[in-house]
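Participant: The task is simple: from the sequences and hints, build the whole structure.
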Amino acid sequence: MSLSMTASSVPGPRKDPEVAARLGRRRKRADVIVRTLCMVATLLGIAFLISILLTLFVRGFTAMSPMVFTHSTAPPGSEGGLANAIVGSLIQATIGTAIGTPIGMLVGTYLAEYARGSKFGNVVRFVSDILLSAPSILIGLFVYQILVLPFGGFSGWAGVVALAIIVIPVVVRTTEDMLSLIPNTLREAVIGLGSPKWKMIVFVCWKSAMSGIITGILLAVARVAGETAPLLFTSLGNNTWSTDLSRPMASLPVTIYSFAGSPFEDWIALAWAGALIITLGVLSLNILARTVLRGRK
Amino acid sequence: MPVRRARGAGNIGDVIFEWACRGAAILVLALLGAIIVELFIAGLPAFRAFGLPFIWSTEWDPVQEVFGAGVSIYGTVVTSVLAIVLAVPLAFGVAFYLTELAPVWLKRPLGTAIELLAAVPSIIYGMWGFFVIVPAFATYLQPWIIDNIGELPLIGFLFQGAPFGTGIFMASFILAIMILPFIAATMRDVFDQVPPVYKESAYGLGATTWEVMRGVVLPYTRISVVGGVMLGLGRALGETMAVTFVIGNANRITTSLFGPGNTIASLVALEFGESETGSLKLASLLALGFILFVLSFIVLAVSRYLLRSRLKA
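In order, the protein sequences belong to chains A and B. Going by the working numbering, the first sequence wraps up at 361, each residue one higher than the last. Going by the working numbering, the second sequence wraps up at 466, each residue one higher than the last.
A few of these clues could be false.
As the list claims (entries may be wrong) - To give an idea of the interface, some chain B residues facing chain A are shown, with a C-beta separation under 10 Å as derived from the structure: (1) Ala291; (2) Leu294; (3) Ile302; (4) Ile330; (5) Phe425.
Unchecked claim - DMTMM-like cross-link-like pairs, simulated, lysine to aspartate or glutamate; straight-line CA separation at most 25 Å: (6) A:Lys92 x B:Asp167; (7) A:Lys263 x B:Glu191; (8) B:Lys260 x A:Asp241; (9) A:Lys92 x B:Glu171; (10) A:Lys183 x B:Glu171; (11) A:Lys92 x B:Asp345; (12) B:Lys260 x A:Asp95.
Since the hints were derived computationally from the structure, they do not count as laboratory data. Beta carbons are placed, not taken as given, at the ideal position from N, Cα and C, and that holds for glycine.
Facilitator: Shown next, in the form of C-alpha cells:
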C-alpha cells in the first residue's frame, strides 16, 4: 500500500512528458556545464605548468653559457657564474640525503615490521607526517638555534642537518608504504626457514621493496635540492668557491633568491639560468622516480 | 601483521636491529619535541617583554624595539584562506576530471603533469610570479578590476588601491597554484576509493556524471576531502619563498586585497639577516616561528585526523 501511495504522491516525471523532458534537459545542461568547468580547471593547471616551464626555458637559456658552470659568483658587472652554488647544492643535498635516508629507512621499517597497529607506532607515524608537511623555514630556525648559535656561525654542516631533517619523513613514508605491500606469506616463509627477523627484513623485505625505497630517496633529493628557506639560516651562502663544510656554503636556491631580488640585470639573468638548472634537475628526478616505480609494477 | 621472532634466544642481531629501528623512531619523536621547545625558548624573551598582546599587537618598530605579531598573523591567515578559496574549486575540477571524465590514455600524462606542478620548488614560483604574473596582472587585469569592481558598494573596498600587481591577493593567487596539486592529488586518491558498485547503481538509475559525483562520490568522501583541503591549508601557512617575492612586504593591515602585507614566514625570511644575535628582534622573529609552528601543527593534526580512514586503506 505504502508503495503505491509514494508512487502516486510524488509528482514524478512519468506523469507529464513535457515536464520530464524539461527536467531531463536541465539535468543534462548542468552536467555539461560542470564537465566543461572541470576540463577548464585541468587545462588551467596544465597552462600554469607550461607557463612556468616556458618562462624558465626562454629566460634561462638566453642566460646560459659555459661560464655558468665554470665560474663562481662575482660582483655585478664582472664575469661570474654559479659554479660554487651548484657544487654547494650538490654537496649539501647529497650528504643531507645520505644522513637522512638510513634514519628514515629504520623508522619506516620500525613502523611496518615492529609497530604495526601499536599505539607508539601510531604516534611516531603521526609525528613523521607532521614533519613531512611542517613549514621548512621552521626547520631552518630550529637548526639555527641548535647548531649555528652554539657553534659560532653559519656552516655547511648546519645546512646539511637541516636538509637531513627534511629528508627523514619523506623516506619514512615511502619505506613504510612499500614494506606494507609485501605479503606476509613471504615473511612467514623466511621465518619458517629459521632465519632471524633482522635477516628477514634486510635480505628479503628491503630487497623486495628496494625500487619503492629508491623512489622515495629520489623524491627526497628532489625535495631538498629546491629548498631555500631552511638554508637561509644555516649555510647562509658564500660568494667564493668553498667545499669546506665548516664554513658558510653557497647553494643554488639561496643564490637565486639573492640574485633575483637584486637590481642588476646580469645577476637576474644568472638567477634565471640557476632556476632553469634546478627545475630541470628536480623535475627529471621526479620523472626518474616515477619510472623506477613503474618498472616494478 | 608483524611476525614474532621465531627463535629469540641468543640472537643478538635481532635485538640490535630492533633497537636501531626503535631508536630511530624515538629520534623522530624527539626531533618534533625539540623543535617546539627550542623555538619556544628562543622566542621567550619576546613573549616576556611584550606578554600576551604580542600576538595581536600590530607594531613592528625595530628602532623603538617594539614588536608585535598581529600584522603577520593576519597576513598569514588571510593569504592562506584566500588561497584555499581559490584553489579548492580548481582542485576539485582537476580531481573530478582525472577520475571520471578524462579518457584513459590521458589520465596518466595529465596526472603526472599535475604532480610535477607540486614538485616545482617554491622559489621558482616566486620568480615566475614576480617577473611574469605580477607585471601581466598589473598591466591588463588589475586596472579594470579597480575601476569596475572597486566602485561597487559593499565589496568595492576589497579591490581598491594602486595597480602594483604585488600584494595580499597576488600572494594568495600564487599560493593557490602551489597548493592546487596537493589538494587535487588527495581528492583524486579518495575519489578513486569509492566502491564502483555505488557509482554503477547511480548510473543505472539514470544519473548523470555530475549527479553521481554530487550524490554519491562527494557524500562518501567528504571527510577525506576536507582533510585534503586542510593539508593544503597547512602547506599554505608556512610557504616562504614564493610569498616573499610577491606580497609587497609592508608591515600594515590594509583593507584592500591589492594592498601590500606580510606573512610570518616572509617576515622571518626578510628580517632574519638584519637581526643581531641576542637582540629582541631576533627573539621576536623566533617567537613568530613558534606561533607559526603551533598554527600549522593544529591544521596538520586536524588534516591527519580527517584523513585517517584513507591512510588505513
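Participant: Looking at the structure, which of the earlier hints fail to hold?
Facilitator: Of the numbered hints given earlier, those the structure breaks are 1, 2, 3, 6, 7, 9, listed in rising order.
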